[in-house]
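A.B. asks: Work out the full structure: start from the sequences and follow the hints.
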Amino acid sequence: MRAGKIGLLIVILAFGSTVETAWRVRNHLGLDQWGWGVLRGRFYGPSFTFDAEQTETVSADTAVEVENAFGGVTVTAGAPGQVRIALRKVVFLPQAERARAFADRLVVQARREGGILRVGTNRADLERTSGLEREVGFETHFDLVVPPGTAVKVASAHGPVHLSDVARADVSSSFDTVRVERVAGPATIDARHGDVRVEGVKGEVKVTDRHGDVTLQDVDGRAEVDMQHGDFVATRVGGLTLQAAHGDVRVEAVHGDLDVHTQHGEVRAHDVSGRALVETSFQGVTLGKVGGDATVHTEHGEIQVSDVGGAVDAKATFDDVALARIAGPVTVTVTHGAVRAQGVEKGARIHGSGDEVVLDGFRGPVDVDVELGGVRLVPAAAVTEAVRVTATHGAIEMDVPAGSRFLLQASAQPGEIASDVRDLSITQTGMGHLAGSIGGGGAAVVLTTHHGDVRLRSSATVAQKTP
Amino acid sequence: MGRPFRPEPVVVGVALIALGVVWMLGNAGRLDLLATLRAWWPATLIVWGVLELVAYAAHRRARRS
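Heads up: the sequence lines are chains A and B, in that order.
Residue 1 is where the first sequence starts when you use our numbering, and the numbers rise one by one after that.
Residue 1 is where the second sequence starts when you use our numbering, and the numbers rise one by one after that.
Just so you know, the hints here were simulated from the structure itself, not pulled from any lab data.
Here the structure is a predicted model, which is why all the values come from computation and not from measurement.
There's no promise every hint is true.
[What the hints assert, rightly or not] Sample of chain A residues at the chain B side, in silico, Cβ under 10 Å:
id : residue
1  : V11
2  : V19
3  : E135
4  : G137
For each residue, glycine too, the CB sits at the ideal point set by N, CA and C.
C.D. replies: Shown next as structure tokens:
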């Protein structure tokens, strides 16, 4: 083959490739996810709007399914026995007569299959172009009025979806907001790129969203949410299970259990009647007023837990843990962070490192193990239960209220042991070691520190020094 | 004996004429330029192939005679 033929073939193929690329760019890049024009596409330029309406008579308990590609869908309740379908057609063509001719070909398709009324358009037929005409961009916006107590299912690709006053809701949406209100039964929402708002649902709620905020409010049933890249807010829900990432979480008033598993997001939850389980990373957790047990795990984030009716299990790294008014036993593991607990009623097991551990106003047995940090213990009442504290590179300070009864073993290697407790009866003493009893003895109080001091102070002394 | 038939100039000429006509009709608003080019550009290869066959047949006929 001569070079001229090869050159001509290359020119023709290059020309064809250019045309094909231009065609794809024009027809597939029209709108971005925020609705702005990126390149000149099908949904750009002058447009004309045309309305159509039809009414379908349906029997009771007929479910309604709506399928739409480009355009919004609104469904609300109206008169019984009929479904009113209003379709607003927006055609992107420069001439009104061409737009009207195209809109006349665009019709509502409503067909019954079993106990379901399926509503859609003949978009698929119209989008099969001959290849000689440009693909026409057109939106179809549905506004349906369904009988009271109708189960509604909506599949929408590009357009907002709004459902209200239906028996149950099942929505799948790709690129716009979803709003569901006043549902007598369960609601299921599967969204991709858009905010989701759910209010007033009597049944259970399931939400999946990938890029958008999710808001739940007044959900009687349990809510199950799987989302990413968006903030989450829930107010007054009957239990919640949340899988999330890359977004903050705000929860208020959960009438049941709370399960939150998230990453890269701050979690704030208040007023949980059941148990609470919260896991996150790189952000903090604030948990308040929990009726049952509370389990909180975070990495690189602070934990604040208060007013818990059950036990608390907290694990944190590279930040502090603060507890207040905990009715059940406490278990805390902290790496490179402090632990400050106030009002612990049934004892605590604490393993910390890198900072101090302070138990202020505690009751019950205490087991504290700290590396590179001191320990300060202020009992709420007379000490009668076992206390074991081990520290390295930090002092141990313990207040001894009147009426305390325990056997003391204190060790400071190297360090000093000091006590101003008058009831202390020393049975054995040596370099950095002291054994004795207070109040005639009882449970064992073992205070061991390496590279630190041990100080025992009577509560009266403390009161005098810190008025 | 005349020069052998070469299809390449014919292909280029026909393609340029077709491109000009389509472009002109597109500017006049009678058709969509890009859609028409996209639908019909492979015809250039078909026309060229047909002309190559014609040239081959003419060449064989000339050698027999």
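A.B. asks: Report holds or violated for the interface hint on G137 of chain A, using the least CB-CB distance to chain B and a cut-off of 10 Å.
C.D. replies: Violated: closest Cβ of chain B sits about 13 Å from G137 of chain A, beyond 10 Å.
A.B. asks: Could you check if E135 of chain A really has its C-beta closer than 10 Å to a C-beta on chain B?
C.D. replies: E135 of chain A check passes; min Cβ-Cβ to chain B is 8 Å, inside 10 Å.
A.B. asks: Does V11 of chain A meet its interface restraint, that is, does its C-beta lie within less than 10 Å of any C-beta in chain B?
C.D. replies: holds, 9 Å
A.B. asks: Under 10 Å, Cβ to Cβ, is where V19 of chain A needs to be relative to chain B, so tell me if that hint holds or is violated.
C.D. replies: holds, 5 Å
Checked against the numbered hints listed earlier, the structure breaks hint 4 alone; every other hint is satisfied.
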